[in-house]
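Peer 1: So you can see what is in the structure, the chains are spelled out below.
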Amino acid sequence: MMDKLKTVKILKFHPEKCDGSLACERACSQVHFKTDEGGDKSAIRILKNGNSYKMHVCDQRGLCLDMCPVGALNRKKNGIVWLDKDICIGCQACVGFCPIGAMRKSDARIEPFKCISCGACVRACPNGALELIEVKIDDIKKVVYHKQGTE
Amino acid sequence: MAEGQIPIEEYETGNTKHKWDLKKLKFAHRVIFEYNYKKGEIKRGYANRTLYLNLTKKEIKEKPVTEDMKKKFTGGRGFGLKLMWASIKSSTRWNSDENELLITTGPLCGTTQYPGSGKSLCLTISPSTDIICDSNVGGFFGPYLKFAGFDAIEIQGKAKQDVVIVVDGEKGKISVETAPLEETNSHLINEQLTHMYASENTDKSRQKVSVVSAGKGAEHSYWGCLNFSFYDIRRKLPRMKQAGRGGLGTVLRDKKIKAIVTKIEKFDGVSNNPADPIALAKVGTKLHREIRDLDRHQCNMRAVGTVHLVEIMDEYDLLPTENYRFGSFPKASKIYSPKFFKHFTKIIPDGCWHGCTMACAKTVDGFTVMTGPYKGQKTTVDGPEYETVACCSNMSLWDPLWVLEFNFYCDTYGLDTISTGTAIAFYMEMYEYGILNKERCDGLELCFGNGEAVMEFMHRIAQGNKGEFTKIAAKGARRVKDWLIKNAWGTPQLIEDCGMESKGLEYSEYVTKESLAMQGGYGLTLKGPQHDEAWLIFMDMVNNAIPTFEDKAEALHYFPMWRTWFGLNGLCKLPWNDVEPANNAETDEPSKVPEHTQNYVEYQNAITGWNVDKEELILQSERCYNWQRAMNVWLGRGRRKDDWIPYRSMGPVTEMEYLSRKDRYDKQLVEKLGHSEKEVEKMKIKEKIELLYDYRQAQYQKLADAVYYRRGWTPNGIPTPQKMKQLGMDDPKMLKLLQDKINEDEKAGLNVWGGKYGKGEKPPNIHLKYWEKW
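Residue numbers (this note's numbering), protein chains in the order written: chain A, 23 to 173; chain B, 63 to 836.
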């Protein structure tokens, strides 16, 4: 019952405010790889979408949780889906199975990485195009197991 | 049952919880001998040494892996063959002191990025066949053995009392310890030893231990399998996979080994130290995505594992029922995959090695055992897989619960489900004909469909029952044939035709009557009738894609070589063609799955740093395949006469079988044998059966001719020294032995084609010594 009340912070994007300068990506790669390269080393990606931009990032639904053979993926107390890279054995199952491609893999190391809703990108954006909003986990989480056949 | 996003700690299986006095068990251990070794590093997939133990001489040593050895034998099963060649004699039999049990890994084994990369390859001289049997098995043992420092473990000699062998990769120590108090049956001993040897009392620590064992059944039969454990952190118990075929577990127990344990300190995604981890992750992720998107529309492995085959085989008349008499059965829908899906625990992941997203290793948790020593207990059943279900169909058992019961006891007793099921199905048919009866079966009513009698028979095997039938029947179909014939019970030809064994090994579960190529896929094999060399039924029978002898021979060259390759590298075959790229059907050679073949080229290069192409992969296999055939020749088998198959696998043995598919057979008498419809109408069934019999036997011999020729063997099936040299296998002792055997055949007049060629037909080559000009 407690689960029903549990919430998690996820990123919300306001494309109309984005100028495509990718300060968010640089801040993110700083968090994960201590570099401001952004790009492949950032968990958040801002992509051109016609004349505008779109955000590509983990939405904390947790479809990957049941994929991990060693239990390196867990939902933390604050609701976010967390990859413990000391436990991770680099199999890429979560990377391959993420339906939106938000579990990322950089060439820098074998273990993948993902958005942890830390807010570094939100703070880095000069235009306020990103914000963290709170949603109920129960509303977003999904049961992963494939039903038999194509149902 | 738990389904989706449950924290790992909270999974509940409903199994009986065991409490062990581990201190007492451990206290009873006495170290007999031990060996400290320097922990090494894996370089590009190789530990670069193998481990040798001699239980008789109490000796442990390391053997180096040379570059030459890698070049010729690649790894895995290839290494096993090389090591055996150096250690056994041509007179070695399964229970000889010098017989070896080998567990090998392979350079790609232990990779986590590419699905199906945790296989161990086990080899020994089989009690069933007297030649080498190799078996490919999942579980954590192989990868852990390598990460503990060894590409293979080679065990020779016998202990005087029950021992466990511990390869401790944490401390760098091998020890052989007495183990008097542990259970023998696998589901229990695997649990005991996993808990005993885990460094800490946590699931993560237990996941770093893997156990190989065989149960009580393996002690008293020729069907002993090896159970390889893999600890499941969700179910909180060691599950297991079986190295089933050929009696490896029988050899383990003959050596008085209760279990082999390996543990590691740590491992991660690059423990193989691949040459190119980036390329490796890319090719692996590509396959993960394919499985994600396509599996549910193709094989549905992630939901039901290999059981999805049951309904397909039934539909195509290939599901063996009542000892392969029929290929489909009205009751078969009772054991279709949805019936098992209902029982399977629906949590992910179910791979038998980390990172295998094909995840075919399904389980039923909380199954209540119905008979025998564990009656009433709740347990996890690993499986069933297709073969096990089809064994039950072969015994005419149509209740999923009896399938689970059979599966559970086969596993924990260490009995190979395939051999056990196929052999019992044969006994049941003999029972139906009165050749066996209650009295001759030690009081068992072993008729088709009697699940209770099947289980009672298995319990008796495990107890070491001394009844004449139990003792002989536990040695398999071949020995029972001999026994029946010796007692003059039934006609020898009927007995030989019905019992589905070749080379002494029982068949696996496909009806091959209408596919000549698949008859060769079972008969023209190294270890015996097992579908791991080739599965050509659809290609041959359904799609008619390989109509000529030459076509079939090409398929019986390529596919056995290709599939051998998985065993050289420590891989599983399933991710190759049990999921296919969406555009596979449009490629030049869909049956080879060209894109996946290319994946494997990239994969091997990414690990080893080599620069091979797909032709080189086949060459790697051809070297080892021919080497193994040559060793079979050395061991006294491996010629045309040894590639004999029972007629049940070729065509209808009995009138009932003929009548059950009368239209089909009548049509063949017209279309293939050239009789007129009127003639056929007048013929008696017996006559028609005989005509088909002669025709199909002759076809098989012609197929063997074509295949031997394609493989570069003599007309009697011996690999030629010229072929071996071409492949770079220049061991002088082996070349000489082959030449000697060929000379022997020459003298005995055996160096001739087996088929009788009529007008307009010709043998593969008019020169019987065609290879001498190479």
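Careful: at least some of the hints might be erroneous.
Claimed, not checked - As a list, the in silico BS3-like pairs of lysine-lysine whose alpha-carbon atoms are at most 27 Å apart:
{"id": "1", "chain 1": "B", "residue 1": "Lys401", "chain 2": "A", "residue 2": "Lys164"}
{"id": "2", "chain 1": "B", "residue 1": "Lys348", "chain 2": "A", "residue 2": "Lys107"}
{"id": "3", "chain 1": "A", "residue 1": "Lys107", "chain 2": "B", "residue 2": "Lys676"}
{"id": "4", "chain 1": "B", "residue 1": "Lys798", "chain 2": "A", "residue 2": "Lys107"}
{"id": "5", "chain 1": "A", "residue 1": "Lys98", "chain 2": "B", "residue 2": "Lys328"}
{"id": "6", "chain 1": "A", "residue 1": "Lys99", "chain 2": "B", "residue 2": "Lys401"}
{"id": "7", "chain 1": "A", "residue 1": "Lys99", "chain 2": "B", "residue 2": "Lys105"}
{"id": "8", "chain 1": "A", "residue 1": "Lys76", "chain 2": "B", "residue 2": "Lys125"}
{"id": "9", "chain 1": "B", "residue 1": "Lys744", "chain 2": "B", "residue 2": "Lys125"}
{"id": "10", "chain 1": "A", "residue 1": "Lys28", "chain 2": "A", "residue 2": "Lys70"}
{"id": "11", "chain 1": "B", "residue 1": "Lys676", "chain 2": "B", "residue 2": "Lys703"}
{"id": "12", "chain 1": "B", "residue 1": "Lys798", "chain 2": "B", "residue 2": "Lys787"}
{"id": "13", "chain 1": "A", "residue 1": "Lys98", "chain 2": "B", "residue 2": "Lys266"}
{"id": "14", "chain 1": "A", "residue 1": "Lys107", "chain 2": "B", "residue 2": "Lys440"}
{"id": "15", "chain 1": "B", "residue 1": "Lys344", "chain 2": "A", "residue 2": "Lys70"}
{"id": "16", "chain 1": "B", "residue 1": "Lys298", "chain 2": "A", "residue 2": "Lys107"}
{"id": "17", "chain 1": "A", "residue 1": "Lys107", "chain 2": "B", "residue 2": "Lys344"}
{"id": "18", "chain 1": "A", "residue 1": "Lys158", "chain 2": "B", "residue 2": "Lys408"}
{"id": "19", "chain 1": "A", "residue 1": "Lys107", "chain 2": "B", "residue 2": "Lys401"}
{"id": "20", "chain 1": "B", "residue 1": "Lys408", "chain 2": "A", "residue 2": "Lys28"}
{"id": "21", "chain 1": "B", "residue 1": "Lys298", "chain 2": "A", "residue 2": "Lys70"}
What the hints contain is simulated information worked out from the structure, not anything from laboratory work.
Peer 1: Against each hint, give a clear statement of whether it holds in the structure.
Peer 2: Checked hints:
1. For a cut-off of 27 Å, the pair hint linking Lys401/B to Lys164/A stands: about 25 Å separates their Cα positions.
2. Using a Cα cut-off of 27 Å, the hinted pair Lys348/B and Lys107/A holds, with the two alpha carbons roughly 22 Å apart.
3. With a CA separation close to 35 Å, the supplied pair Lys107/A and Lys676/B exceeds the 27 Å bound.
4. In summary, the hint linking Lys798/B to Lys107/A is not supported, as the alpha carbons are separated by about 56 Å, beyond the 27 Å threshold.
5. A distance of roughly 24 Å separates the Cα atoms of Lys98/A and Lys328/B; the hinted pair therefore holds under the 27 Å criterion.
6. Among the hinted pairs, Lys99/A with Lys401/B is inconsistent with the structure: their alpha-carbon atoms are about 39 Å apart, more than 27 Å.
7. Restraint check: the Cα-Cα separation between Lys99/A and Lys105/B comes to about 40 Å, which exceeds 27 Å; the hinted pair is violated.
8. Taking the CA atoms of Lys76/A and Lys125/B, the gap is about 58 Å. The hint is violated against a cut of 27 Å.
9. For the suggested pair Lys744/B and Lys125/B, the alpha carbons sit about 70 Å apart, so the restraint of at most 27 Å is broken.
10. For the suggested pair Lys28/A and Lys70/A, the alpha carbons sit about 34 Å apart, so the restraint of at most 27 Å is broken.
11. The suggested pairing of Lys676/B with Lys703/B is violated, with an alpha-carbon distance near 33 Å, which exceeds 27 Å.
12. Under the criterion of a C-alpha separation no larger than 27 Å, the hint pairing Lys798/B with Lys787/B is consistent with the structure, at around 12 Å.
13. Straight-line distance between C-alpha atoms of Lys98/A and Lys266/B comes to about 19 Å, which keeps the hinted pair within the 27 Å bound.
14. Under the criterion of a C-alpha separation no larger than 27 Å, the hint pairing Lys107/A with Lys440/B is inconsistent with the structure, at around 36 Å.
15. Among the hinted pairs, Lys344/B with Lys70/A is consistent with the structure: their alpha-carbon atoms are about 24 Å apart, no more than 27 Å.
16. Annotation: proposed proximity of Lys298/B to Lys107/A holds, straight-line Cα distance about 22 Å (limit 27 Å).
17. The hinted pair formed by Lys107/A and Lys344/B meets the criterion: a straight-line CA distance of about 19 Å does not exceed 27 Å.
18. Our distance criterion of 27 Å between C-alpha atoms is met by Lys158/A and Lys408/B, whose separation comes to about 25 Å.
19. Distance check on the hinted pair: Lys107/A and Lys401/B sit about 39 Å apart at the alpha-carbon level, beyond 27 Å; violated.
20. Note on Lys408/B and Lys28/A: the hinted pairing holds, with a Cα-Cα distance of about 25 Å set against a maximum of 27 Å.
21. For the proposed pair Lys298/B and Lys70/A, the alpha carbon gap of about 47 Å is over 27 Å, so the pair is violated.
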